[in-house]
Each structure stands twice: as C-alpha cells, then as structure tokens.
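Turn these sequences into a full structure, and let the hints steer you where they fit.
Line by line, the protein sequences give chains Z and B.
Residue numbers 1 to 133, in the UniProt record's numbering, belong to the letters of the first sequence in order.
Residue numbers 1 to 229, in the UniProt record's numbering, belong to the letters of the second sequence in order.
Treat the hints with care, as some may be off.
Said to hold, decoys possible - BS3-like cross-link-like pairs, simulated, lysine-lysine; straight-line CA separation at most 27 Å:
| hint | chain 1 | residue 1 | chain 2 | residue 2 |
| --- | --- | --- | --- | --- |
| 1 | Z | Lys47 | B | Lys111 |
| 2 | Z | Lys28 | Z | Lys119 |
| 3 | B | Lys141 | Z | Lys47 |
| 4 | B | Lys111 | Z | Lys28 |
| 5 | B | Lys111 | Z | Lys32 |
| 6 | B | Lys152 | B | Lys106 |
| 7 | B | Lys111 | B | Lys160 |
| 8 | Z | Lys14 | B | Lys152 |
| 9 | Z | Lys119 | B | Lys111 |
| 10 | B | Lys111 | Z | Lys14 |
| 11 | B | Lys106 | Z | Lys47 |
| 12 | Z | Lys14 | B | Lys129 |
| 13 | Z | Lys119 | B | Lys106 |
| 14 | B | Lys152 | B | Lys129 |
| 15 | B | Lys20 | B | Lys111 |
| 16 | B | Lys20 | Z | Lys119 |
| 17 | B | Lys141 | B | Lys152 |
| 18 | B | Lys160 | Z | Lys14 |
| 19 | B | Lys106 | Z | Lys14 |
To be verified - Heads up, incomplete: computed chain B residues facing chain Z, CB under 7 Å, no partners named:
| hint | residue |
| --- | --- |
| 20 | Asp70 |
| 21 | Glu72 |
| 22 | His73 |
| 23 | Ala75 |
| 24 | Leu84 |
| 25 | Asp99 |
| 26 | Gln102 |
| 27 | Cys103 |
| 28 | Lys111 |
| 29 | Gly112 |
| 30 | Leu114 |
As the list claims (entries may be wrong) - Derived list of chain Z stretches under chain B, where covered just means 3 residues or more per stretch with a C-beta under 8 Å from a C-beta of chain B:
| hint | stretch |
| --- | --- |
| 31 | 28 to 42 |
| 32 | 122 to 133 |
Hint data in this document are derived by calculation from the structure and do not stem from the laboratory.
Backbone N, C-alpha and C define an ideal beta-carbon position, used for all residues, glycine too.
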Amino acid sequence: MRLLTHNFLASNVKGVSTGYPLALEVAKTSIKEVELNVDFLRGILPKIDWRALFAATSAAGFPELLAAEQPPEAELFAEGAAAVEGSAIRRLHHALLEIHVEEGTLVCPDSGRSFPILKGVPNMLLHEDEVRH
Amino acid sequence: MKLKQLEGLLGGLTQFSDPKVELEQYATGPHIASRMLYTAENSFDDIAGKVVADFGCGCGTLAVASALLDAEHVAGIDIDLQSLELAQENATDLELDIDLIQCDIKNLNLKGLLVDTVVMNPPFGTKRKGADMEFLSMGLKVASQAVYSLHKTSTREYIKKAALRNCNAISAEVLCEVILNSGFWAETMSFASHLLCCGSTSKRSSISQSICGALSHKLETKGKASSLA
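See the structure below:
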C-alpha cells in the first residue's frame, strides 16, 4: 500500500463520523522507484491531506522526509526543482508513490478498530455487526 | 500502447481457476477489457496520469490494463483475498505496481476526491439483487471524472435511469456492445461523474457516439460485436 492510498482510505465502522485519517503502524516497508510526474503532483496536491501524509511518512520511518506544514507551491513547483536531489517536490513524490507499507496496521481514529496490512494489502473487511444498515 | 498489444498482454493474465459463483466471479475477457480501457484513455483522457480504482477487481484485468496505459496510481479493490493475490501476481508478472485493498465495495469509505476514474466489471446482480447498483452508485460517489462499467444489455435502460436519477451521474453513454462467450450481451457504459461540467459532458456524448462507430467497425470485422450508435 502506497501512502497515496492511505491518504484516501477511511474506516467505515458503524457509528464513526469520518473514520479519517487512519493511524498507521508500520512493521515493514519497501521502496519502489517510479518516474516523477510534475503535472500529476500539481493536480493532486490540492486534494492531498498534508497532515495525514506527514503523519504517515513519519509512521513509516521517514520523519524527516516532509515538512510538517505544506510548503508553498512556489517552492514545490519551482523551475527545475524536479531535477534537484532532495527538493521538496522529489520528497513529495517519494512519499506519495514510492514508499510501500508491506506489513502493519491501520487504526480507525474514531472507533479504535484496527485493520491489518498483510503483504501490502490492507484488510478493510467489517464484521456483520460493524456494518451500517 | 496499441490496442492489439494491450489485448495481447491482457490475454496472458492468469484467470480464476475456481470462480466463486456467489461473488459472480466471471473473468473480464481481454477483448472487451482492452477496448474499454483503450477508449477511456484515447477518447477521453481518463487513464494516463490519473488515479484509477478498479472495483471488484478480481484477478486484476482492468487494473492491469489501467497500469499498462500509464495510470499514475491504480487501486484494485475486492472482497476476496484469493482474487487480490492473483491480481498481485498478474501485476508483478508484467512488472507493474498496483495497490490492492480488501474491502466490500458497499462498505468502502474513500475520502476526498483523489480517485479520478473508476473502472469495473461489477457483479450483474444475478446472485444478489442490487449488487450492480451498489457498485455503480459507489463508483459515481468516488470518481471525480468518470466511471466505466460493464453491464448486461437487458439492464441498460434501468441502469441509465438509475445512474442519472439516483447517483448524480451527469451522463450515461453506451460505448460498445459485445457478445460474451456465455451467449448474453454485455456492454461498456461510461458515466460522467457529477463533477464534470456540462460543456465537457455534451462533448463527451458526441465523441462517444463517433467512437461507437469506430469500435463497431473494428469489432464487426471479427463478427463479435456491433455498435448502438
């Protein structure tokens, strides 16, 4: 599970208000490099919950990767920044698309219900008595 | 990527060896899957560089097709762990990275509007009535751009009406029609999500009709399908 998926995944246990963001506990991660796409990042940035992403990168073992507050767009999308090692945009790209959580747990912030992540796949299945009707 | 090449790669995927009848796990054939995704990409720009979710992904045919057509991020969602493992295997064989989530679509909770496009071959609701509409309404809730979905031709008018009336779809277009091996008709429908502006929707409608013509020509030469346009 990439952290981009974590950024839109929420718990739906009966009775919870938002079920978001899911707290992340990480036992194992992997890194898979993908090509950086500036246009994609520019389009998705306004839809990203930065705090949830920051918390997730920290939980995944990369507390220094992102700034706690979202950097200004002028900095992120500065001319040529994508080519600079360690630039804010490259770190954002790394956080969203290259870090994979292989083993761990997602915890619903409202109910405390935990959802295991095994072999990279979060199990969001609910028990019958947890389903909204 | 060319259509033929896409179809060829999808034809090499491992399918269910023991489909679960109660989940209506019928495979999405490479013929219709390749055309569905190829049209979504080449006519509507809904795949490359986008976040795509495959609802009820099964062995991952549509998810893999999306990744092959350069979707930036693909999430395959299915209730069945064995299907997800198969999808993972299929993606890995082609050196593709897709995310997989085990979840019952009707209990899915996706926040924000991060998903651009939803693609699906949903259960037709023959085993559990209403399953197709659960998938469709969730797809239209989640997708900020469009939903591409396969349905039985006999349910076309019902699905169209329900999508427009109950699920906030802006438009519902039939893109192509294909005869499945089992003998009944299935078709790809495209639904413009509620966030699409009206202007692009009317454009979408005219494009999709011309695509129907093009598709039908190609498909008819194989004697497998015809267009509705």
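Hint-by-hint comparison with the structure:
no.: 1; hint: Lys47/Z / Lys111/B; verdict: 10 Å, holds
no.: 2; hint: Lys28/Z / Lys119/Z; verdict: 9 Å, holds
no.: 3; hint: Lys141/B / Lys47/Z; verdict: 16 Å, holds
no.: 4; hint: Lys111/B / Lys28/Z; verdict: 25 Å, holds
no.: 5; hint: Lys111/B / Lys32/Z; verdict: 25 Å, holds
no.: 6; hint: Lys152/B / Lys106/B; verdict: 20 Å, holds
no.: 7; hint: Lys111/B / Lys160/B; verdict: 26 Å, holds
no.: 8; hint: Lys14/Z / Lys152/B; verdict: 33 Å, violated
no.: 9; hint: Lys119/Z / Lys111/B; verdict: 23 Å, holds
no.: 10; hint: Lys111/B / Lys14/Z; verdict: 16 Å, holds
no.: 11; hint: Lys106/B / Lys47/Z; verdict: 23 Å, holds
no.: 12; hint: Lys14/Z / Lys129/B; verdict: 23 Å, holds
no.: 13; hint: Lys119/Z / Lys106/B; verdict: 24 Å, holds
no.: 14; hint: Lys152/B / Lys129/B; verdict: 14 Å, holds
no.: 15; hint: Lys20/B / Lys111/B; verdict: 30 Å, violated
no.: 16; hint: Lys20/B / Lys119/Z; verdict: 23 Å, holds
no.: 17; hint: Lys141/B / Lys152/B; verdict: 22 Å, holds
no.: 18; hint: Lys160/B / Lys14/Z; verdict: 31 Å, violated
no.: 19; hint: Lys106/B / Lys14/Z; verdict: 13 Å, holds
no.: 20; hint: Asp70; verdict: 9 Å, violated
no.: 21; hint: Glu72; verdict: 5 Å, holds
no.: 22; hint: His73; verdict: 5 Å, holds
no.: 23; hint: Ala75; verdict: 6 Å, holds
no.: 24; hint: Leu84; verdict: 6 Å, holds
no.: 25; hint: Asp99; verdict: 5 Å, holds
no.: 26; hint: Gln102; verdict: 5 Å, holds
no.: 27; hint: Cys103; verdict: 4 Å, holds
no.: 28; hint: Lys111; verdict: 5 Å, holds
no.: 29; hint: Gly112; verdict: 5 Å, holds
no.: 30; hint: Leu114; verdict: 4 Å, holds
no.: 31; hint: 28 to 42; verdict: holds (count 5)
no.: 32; hint: 122 to 133; verdict: holds (count 7)
Checked against the numbered hints above, the structure breaks hints 8, 15, 18 and 20 and satisfies the rest.
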